[in-house]
Amino acid sequence: MGASSDMLTVAHLRKSFGRIVAVDDVSFTLERGQLVGLLGPNGAGKTTTVSLIAGLLPPDNGEVLVGGQRLNGDADPKKRQIGLVPQELALYDELSARANLRFFGALYSLSGAALEKAIASAMELVGLADRLNDRVATYSGGMKRRLNLAASLLHDPDVLLLDEPTVGVDPQSRNAIFENLETLKGRGKALLYTTHYMEEVERLADRIIVMDHGKVIADDTLDGLQSRVATVGGGRATLEAVFLTLTGRSLRD
Amino acid sequence: MPLIPFFAMVRKDLQLFFTDRRSVIVSFVVPIAIASFFGSIFSGPSNSNEPAKISIAVVDQDHSAISKAVLAGAGTDKNLRVTTPTEDQARDLVRRGTTTVAVVIPKGFGDAAGNAFFGNGEKPSLTLLHDPSRGMELAMVRGILTQHVMEAVSQEMFGGDQGRQLIDKTLPQVESSSMPADQKRLLVQMLSSVQKYYKEQTPAVAQSPAERRGITMPYTVNEEAMTAGSDIKYNGYAHSFAGMAIQFLLFAMANMGVEMLLERQRGLWKRLRSAPVSKVTLLASKAMSGTILSLLILLVSFGFAMIVFRVRIEGSVLGFLAVSIACALMAATFGLLVAAIGNSPATARGVTTLAVLMMVMLGGAWVPTFVFPAWLQRATMVVPVRWAVDGLDAMTWRGIGLSGALLPFVVLIGFAAAFWTIATARFKWEAA
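Which chain is which? The protein sequence lines are A and B, in order. This note's numbering puts the first residue of the first sequence at 1, with every later residue one more than the last. This note's numbering puts the first residue of the second sequence at 1, with every later residue one more than the last.
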């Protein structure tokens, strides 16, 4: 754990809420230019894991290292290395996209020309540059999802945490988001992508972490996971079949 | 504390507030409208301190000199607006609520009242038909009527024809009565003196209204309003604008607290918390934006009152600003308290609406606290609105200097500190 090439190291994380153990001894790493899919059914502990990494929740045990360094408190400047794309559309509908991005950028102490340049660059990436001055309330659901992504890129984080970023999005916008993520991966960003859509991780992920009941039950490449399951006729198993084999239940249970 | 995120959060809150037209109208226009209305009721300068008149009906079935004098006296009373309908009409007017009290002067009232005044005659009854929902006004009419009836009866008895006839009739009755001799002697002496007084008066003088003096009020009242100065009239708008501005800035700040809970519900706190921003920075920025908005609401309201209703800061301008800032800070931290202890936006909204209404009611924002029972007046000292209203009143129409602002300022800052401490301790930051 904690090798220098790792941009994010999660070591033995544990979090419980009363008697319920939401995350139980979760460990994994994330490297530069790598997209890791965090796959699991609802209630598997994906969002809690992301919240622990982003510093939204303090862990009961374990640690999170960003660039080899442990985060230390709410106002730790090392949090600038992390960008969070929340599952919710965390935007102010009443304000324009520009006002939203100015605000979210300022949270990372960006200002002036640097902030405006970051806004232009993020909006260019998600293809919304021409809607910069429109109120977010006038955006479609897919556009809001893309703006939600743009808001997390302003401070140019090394690690991007994406918590189900395509929920409720039409296929066209989903494809646009996938292209954005591939671009970011190409720029050397490390991406952790939680979802319960198998086809998304099949398309995007370099590595897949399967979680269930708060535990990591598999951490491998798609090929590696598929090779664990024997199929009739010797063909490649689907990811759904892999999941069923590993957890004993369907992803959508 | 990192200043760029801090000021960005303050700016964002102000932007959000001013993009919401409904919030702006509710916070700035509504208090001005309501305060103007209340101010006009509670003796603003435009009505020359003329009190609101009580509408009464007088049904004169007697048509005697005394009943006519009672009617004339009531008609000139500055507290009454008198009409003279029939009894049936009067009953209908009171039932409908358009007239507060109807006075029925029955036939024979004048004679009976005269007899009862000197002798042992049976006292006649005046019937008061009244609206049961307006007991306070009934009590006022009863008192005013007593004055006018006593004046009318005594005037007639000591100077009118009815009085002369009554003395002539009563003297022989007293002389032939069986009352104790010493009492009879004294009463006969008094009535004889009155009879002699009548006979020695010239007719012209006797009929002169100026000379026909009976019992009158044995004193006059010199009223002096203790305002900022002897030449400065009480301006009811000053109090009503203070009360309404505080009420609506509390509502605005409670709403800001509810909005914080909505932000949490919408996942916006996740973004804030994932940034290198501390809880104290977030809460301090909210307190700052809340204080700015509250101060704006207060100053705009008072600015309007100054321009339109000639409200003036008769005390200390510095004291006024100090109380305003303390009041704004108290309201802003109250908003944080709402966010800290509210479980959900819906429950927080319901509970805080009740809390704000209670605070403004007990704090004297609607009606002055002197109408409360003594124990309640003491109890309201723990309500911050009471200190805010008293402080602003002291700096405006009461005209008390900077010293009058000191205690309200300190107490309001104390409330703000308490609200801040509880809010930071109870803030469910990790629920994001």
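Since the hints were derived computationally from the structure, they do not count as laboratory data. Heads up, a few of these hints could be off.
Only pairs whose alpha carbons sit at most 25 Å apart, straight line, appear in this in silico SDA-like list of lysine to any residue [stated by the list, open to error]:
{"no.": "1", "chain 1": "B", "residue 1": "Lys428", "chain 2": "A", "residue 2": "Met143"}
{"no.": "2", "chain 1": "B", "residue 1": "Lys279", "chain 2": "B", "residue 2": "Ser193"}
{"no.": "3", "chain 1": "B", "residue 1": "Lys279", "chain 2": "A", "residue 2": "Pro58"}
{"no.": "4", "chain 1": "A", "residue 1": "Lys78", "chain 2": "B", "residue 2": "Phe6"}
{"no.": "5", "chain 1": "B", "residue 1": "Lys279", "chain 2": "A", "residue 2": "Lys117"}
{"no.": "6", "chain 1": "B", "residue 1": "Lys428", "chain 2": "A", "residue 2": "Pro58"}
{"no.": "7", "chain 1": "B", "residue 1": "Lys68", "chain 2": "A", "residue 2": "Phe17"}
{"no.": "8", "chain 1": "B", "residue 1": "Lys199", "chain 2": "A", "residue 2": "Gly18"}
{"no.": "9", "chain 1": "A", "residue 1": "Lys78", "chain 2": "B", "residue 2": "Ser344"}
{"no.": "10", "chain 1": "B", "residue 1": "Lys279", "chain 2": "A", "residue 2": "Ser109"}
{"no.": "11", "chain 1": "A", "residue 1": "Lys117", "chain 2": "B", "residue 2": "Gln15"}
{"no.": "12", "chain 1": "B", "residue 1": "Lys428", "chain 2": "A", "residue 2": "Gln87"}
{"no.": "13", "chain 1": "B", "residue 1": "Lys279", "chain 2": "A", "residue 2": "Gly18"}
{"no.": "14", "chain 1": "B", "residue 1": "Lys428", "chain 2": "A", "residue 2": "Lys117"}
{"no.": "15", "chain 1": "B", "residue 1": "Lys428", "chain 2": "A", "residue 2": "Asp24"}
Model, not experiment: these values are computed from the prediction.
Checked hints:
no.: 1; hint: Lys428(B) / Met143(A); in the structure: violated, 31 Å
no.: 2; hint: Lys279(B) / Ser193(B); in the structure: violated, 93 Å
no.: 3; hint: Lys279(B) / Pro58(A); in the structure: holds, 14 Å
no.: 4; hint: Lys78(A) / Phe6(B); in the structure: holds, 18 Å
no.: 5; hint: Lys279(B) / Lys117(A); in the structure: violated, 28 Å
no.: 6; hint: Lys428(B) / Pro58(A); in the structure: holds, 13 Å
no.: 7; hint: Lys68(B) / Phe17(A); in the structure: violated, 86 Å
no.: 8; hint: Lys199(B) / Gly18(A); in the structure: violated, 105 Å
no.: 9; hint: Lys78(A) / Ser344(B); in the structure: violated, 32 Å
no.: 10; hint: Lys279(B) / Ser109(A); in the structure: holds, 16 Å
no.: 11; hint: Lys117(A) / Gln15(B); in the structure: holds, 22 Å
no.: 12; hint: Lys428(B) / Gln87(A); in the structure: holds, 20 Å
no.: 13; hint: Lys279(B) / Gly18(A); in the structure: holds, 24 Å
no.: 14; hint: Lys428(B) / Lys117(A); in the structure: violated, 35 Å
no.: 15; hint: Lys428(B) / Asp24(A); in the structure: holds, 24 Å
Hint compliance for this structure: hints 1, 2, 5, 7, 8, 9, 14 are not met, and every other hint is.
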